[in-house]
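Chemist: Residue numbers (the working numbering), protein chains in the order written: chain A, 228 to 633; chain B, 81 to 318.
Incorrect hints may appear among the rest.
[To be verified] If we take Cβ atoms under 8 Å as the criterion, some of the chain B residues that face chain A in the derived model are:
#1 R147
#2 P165
#3 E166
[What the hints assert, rightly or not] Cross-link-like lysine to aspartate or glutamate pairs, in silico, DMTMM-like; alpha carbons within 25 Å at most:
#4 B:K152 x A:E429
#5 B:K152 x A:E510
#6 B:K155 x A:E510
#7 B:K152 x A:E512
#8 B:K283 x B:E111
[Claimed, not checked] Simulated restraints on C-beta separations:
#9 A:N436 x B:S219: 52 to 58 Å
#10 B:R138 x A:F386: 34 to 40 Å
#11 B:A137 x A:M439: 50 to 56 Å
#12 A:T557 x B:L251: 55 to 61 Å
#13 B:D140 x A:F386: 54 to 60 Å
#14 B:L251 x A:R416: 33 to 39 Å
#15 B:L251 x A:A603: 54 to 60 Å
#16 A:M439 x B:R147: 51 to 57 Å
#17 A:W438 x B:D140: 48 to 54 Å
#18 B:L251 x A:T300: 41 to 47 Å
#19 B:R138 x A:R416: 24 to 30 Å
#20 B:E209 x A:A588: 44 to 50 Å
#21 B:R147 x A:N436: 39 to 45 Å
#22 A:V241 x B:L251: 47 to 53 Å
By construction, these hints were calculated from the structure, which means they are not laboratory data. Beta carbons: idealized from backbone N, C-alpha and C, even for Gly.
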Amino acid sequence: MTRGSSKAWIALGVGLVWFYLILWPLMGITPEGLQFIPSLVVWLKVAAAAFVLVSLNQLRTAGALAFIGKPTTAAWTEIRKIYKKVPVRVWISVVFFLALVFPLTTGRYEKDVVINVMIYVCLGLGLNIVIGLAGLLDLGYIAFYGVGAYTYALLSVHFQLSFWLCLPVAAVFAAVSGCIIGYPTLRMRGDYLAIVTLGFGEIVRLILNNWMSLTNGPNGILGIQPPGLYWPGFSSGLTLEYIWLKKLNYLYYVILALVVFTIIAVHRLNYSRIGRAWEAIREDETAAELMGVNTFTLKLLAYAMGAVFGGLAGAFFAARMRFVSPESFTFLESAMVLSMVILGGMGSIPGVILGALALIALPEAFRGFELYRMLAFGGAMVLMMIFRPSGFWPAKRMGQRSEERG
Amino acid sequence: MEPVLELKNVSAGYGRIQVLRDISLKAFPGEIVCMIGANGAGKSTTLMTICNVVTAARGDILYRGNRINGIKFSKLPPMGLCQVPEGRRIFPRLTVQENLELGAFFRKDSTRIQEDLDMVFDFFPILRERANQKGGTLSGGEQQMLAIGRALMSRPRVLLLDEPSLGLAPLLVGQIFNKITEINRQEGTTILLVEQNANVALKVSRRGYVLETGTVVMEDDVKNLLQNPDIRKAYLGE
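Bound-form chain B, shown alone (with noise of 0.2 Å):
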């Protein structure tokens, strides 16, 4: 099978200091892939380098088996490429009905808009019934189901989820990451996960990452990963 999104020998940085070496990653359509690895280890710079909001300074960046390295970021979610950015970064002062609607910027179906904020409330009732508050006034897991919820507005292919845990009760985490299993199986959505909290991560993914300052040190099927002793002292805590 094709992949629908690869990197192939990625070099970023920032300025002179350079964040990523080489990273290769695939991602197949319709699985969850997640990528762990300690504070900068290059998660986020990876995330933000295939969005181009960092330059990748040499390799290639394939979607859909076209390169896409020097592509605008505001031009990725028409094309089926959505990142929802980490610390959620919603609109604080517009309203949640609002938020979600600036997902469909780029959509000019008005009707197909309409369900997708159905499909987008259904799968986050609490969404619904805020829908006319502000943004700002949600708590934090409302907040990152709204990020969330903004991103499918654009009817992703693919979608990149940076540190959705971030600063969650765990019971909130355990109910963020069944959504994000929920929208994989049902939309058929492949997701890309950037995660610190490698337990949660490990659990949703079919196969993981493991960067360490900048590059990848393993690529497995999850349920390798999850045996390996190294990762388990090192990610799991054991």
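Extracted from the complex, chain A is given alone in its bound form (with noise of 0.2 Å):
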């Protein structure tokens, strides 16, 4: 046995002893007293699971799994040359015509989970300007959906405006209340914006909660019509009629509308000259205001863009659910997006979409496991940290050394 494979044995019975210490306080300590054999039994599982992994690990360093290993990097790097031989056009058109199929094949519950998966890309793609391009942390961006969500919600109760008309009008009002919110707070960093950041989602929550006249409280607004849609009709001779899109089908084309026109609004700022001042900012501030570039002005549309896509989000949510309340807007909300944009990768809009993915789909798909979803949760956070550590699929960026190249 080398030097070497003796330290992943010690590590392993060090992390062996750790974990059933921490484990026999959750599971040992019951009403009816101290209990030793069901933490003993998990322990031992994962125990027997742990030992098995290592021994493959080891014998994997050992080499003693290169009849499996060889051939499937060499069909790795084969698949990776036929995607590298298609131009990214087609692969964008593919994915948009699964999605654009989607619904005609699957049930309902499918359709509500990929509709909810969608909000939160909005979403994502939304945080992703204010965090991966601009680099200011913020941990109350779930207020710029529920201004959304409100906005809509409001107005189609107690004006009845259609809701296409309020989409812009929600964006609006978002766009406002972030400039309002970031006027005064972008003159912090770092830690002290995300702080006060934190503070002003907070506020919002609690000014929908306690506004009772507006608002309702927290029992929330009941009766928002979804979005309708002129439709020419055949019952007697071709007419327009005015139909709701009450349907899940219906809503499922409208959020991916969203979410197409917000991939390609994010996309031109990423590559715009403001998208570009933007990363200097995170870079640098003072050496990007050294430059000419103007910082507070800079992030303060950061800021609004943000807000935005934060907006239009809510409102669909708004019209979707038909009803509102205080409670969809709370601080696990935003730790909920922001987490998607880290894990995916920070700046990259790919990398957004597979984190909305993997945190909403994901969960439903193991909802037999639902009791240690945080657990889980947790343990693919710390995992990917270790190693992925730049996300699921980093924002690309051409860093190679002219040597490396060609």
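With the hints as a guide, bring both chains together as one complex.
Modeler: Spelled out as structure tokens, the structure:
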């Protein structure tokens, strides 16, 4: 046995002892008294699994598994080669086509989950502007989602305004509230900004919760109209009929359109002059300002642009649920969106989409383990930060030295 | 001749700690002026005060005859006053070309920007080779070139250079200073140079200021400074 391998076994031993020490207080202290058997059973299962994994890893490092490893890596490089040959446009159109036909082939539950994912894609891409591009840590992002949702909810219930009219209004309201929050806070940097935005997020939620006369407080607002559309009907000749897009299929296409709009807008911003300046601010704010970049205005713009997409997603959320209450806009939601951006890869559009899929769809897929969801979530985060610290799909920038290319 | 940049009895500091006391200095069009002094003498603070990153408590800062004391520092590059900050401060995750383009951020004349990009690449051919590489992957000397190139992209009339020799090998220091004189001669840019490395700074400059604990203790033509026994002892290691 080499020195390296004995090290691994020692680490396994220490890890298992540590695991038991935290497992026993969780499972062993019960109202009926102290118990050891249940925690030992769980511990033994985990220990056996860990033992098998470490053994496999030892075999792999010793080269005993090369007969599996070599063909798979070879296959993997082949797949990558094929992937590289097909232009990006083709991949995008394939994904878009799949997204278009998705609701025709699946049931209600799947559609519901995917609609949820797409709402979070909008939110994640909006937050991505603030965090990934401009580098401002915003912990109260969900406030703009709330502003958008309540804007549409109130306009729909009190004035019966149509969804399509309210969509830009919600975006503008969110942007304005972004500016109102941003103006005093953006003088701060780093940790201070994070804490202040956290506070503002809570303020918005508390206002929604307590302004009874306007928002109906914790009871929420009922009776919000779904989006409507004029559609040619043939019942009495060719006339335009106004139909409510209540069905999930229709709602799916509405949010899909919103997502496509968001992706295009964020992509264009990303590669614009403004996007470049945002990145400069993220890299070194003082240096950017010394180069003549008006950092304050641009940071405010980043904040407002992020808020716009939050507001759009919020308006759709209100139209889909047809009910809003302050409960949907808690800090936990902000944390979820933030996790998506970080898990997927800051500044990367496909990364954020993957992050939203992973955090919304996977928990649905593993509903059976619902109780352990948070445990798995935390564990996954830790593993990600160790093995892929820049996310599933890190933002691609040309970063090779010229000698390495070609 | 009118000085293009002038400081009249400027005092400044951080909070209650006063760093600069009654600093007066002049830079005439087309010359290289250097400011030398030990660590903590207030050299970098002087540059930061010119750009209003540190606010001057008293005194006037005149640029082409106009007082620029209260002007926000992002407004200065469009006026032709650009600083290469201490420690280079390039944007590490942007490419070399993007870094350079940011130097011209406030400019709208895209054809001229392209010309200037070519000019910078001609000054520093290594940057052309590395144009698509992230700034953070460059070596220290290349990063210094990038920082100077980025400032040149704003077409400065006056270039403020803060310790361009910081952390560079002696050979590279020589190269950088050759480029600085070249820029001065070709483009006619006025350069205010802050350096701890008095030896090289005095060689390229026309006039020099010596700072000690926040005040100017001596100002003269470089050839006189180089012959002054006190300077030779204190800054040139003799």
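Chemist: Range hint 52 to 58 Å: satisfied by the CB atoms of N436 of chain A and S219 of chain B?
Modeler: The hinted range 52 to 58 Å holds for N436 of chain A and S219 of chain B, with Cβ atoms some 56 Å apart.
Chemist: Given E166 of chain B as an interface hint, is its Cβ closer than 8 Å to any Cβ of chain A?
Modeler: With a closest approach of 11 Å, the E166 of chain B hint is violated.
Chemist: Against the range 50 to 56 Å, how does the distance between the Cβ atoms of A137 of chain B and M439 of chain A compare: consistent or not?
Modeler: The hint (50 to 56 Å, Cβ to Cβ) holds, given that A137 of chain B and M439 of chain A are roughly 52 Å apart.
Chemist: Checking one constraint from the list: CA of K155 of chain B to CA of E510 of chain A, max 25 Å. Satisfied?
Modeler: 20 Å, holds
Chemist: Taking 54 to 60 Å as the hint, is the beta-carbon distance of L251 of chain B and A603 of chain A inside that range?
Modeler: 56 Å, holds
Chemist: Would the hint linking K283 of chain B and E111 of chain B be met if the CA-CA limit is 25 Å?
Modeler: 13 Å, holds
Chemist: Starting from the range 41 to 47 Å, see whether the pair L251 of chain B and T300 of chain A falls in it by beta-carbon distance.
Modeler: 44 Å, holds
Chemist: Taking 33 to 39 Å as the stated bounds, is the beta-carbon spacing between L251 of chain B and R416 of chain A within them?
Modeler: At 38 Å between Cβs, range holds.
Chemist: With respect to the beta-carbon atoms only, verify the hint that W438 of chain A and D140 of chain B lie 48 to 54 Å apart.
Modeler: 53 Å, holds
Chemist: Verify the CB-CB distance for D140 of chain B and F386 of chain A against the hinted window 54 to 60 Å.
Modeler: Distance hint for D140 of chain B, F386 of chain A holds at roughly 59 Å.
Chemist: Within 55 to 61 Å: is that where the Cβ-Cβ distance between T557 of chain A and L251 of chain B falls?
Modeler: Taking Cβ atoms as reference, T557 of chain A and L251 of chain B lie about 60 Å apart, which means the hint holds.
Chemist: For R138 of chain B and F386 of chain A, compare the CB-CB distance with the range 34 to 40 Å and indicate the outcome.
Modeler: 59 Å, violated
Against the hints set out earlier in the document, violations occur for numbers 1, 3, 4, 10 and 21.
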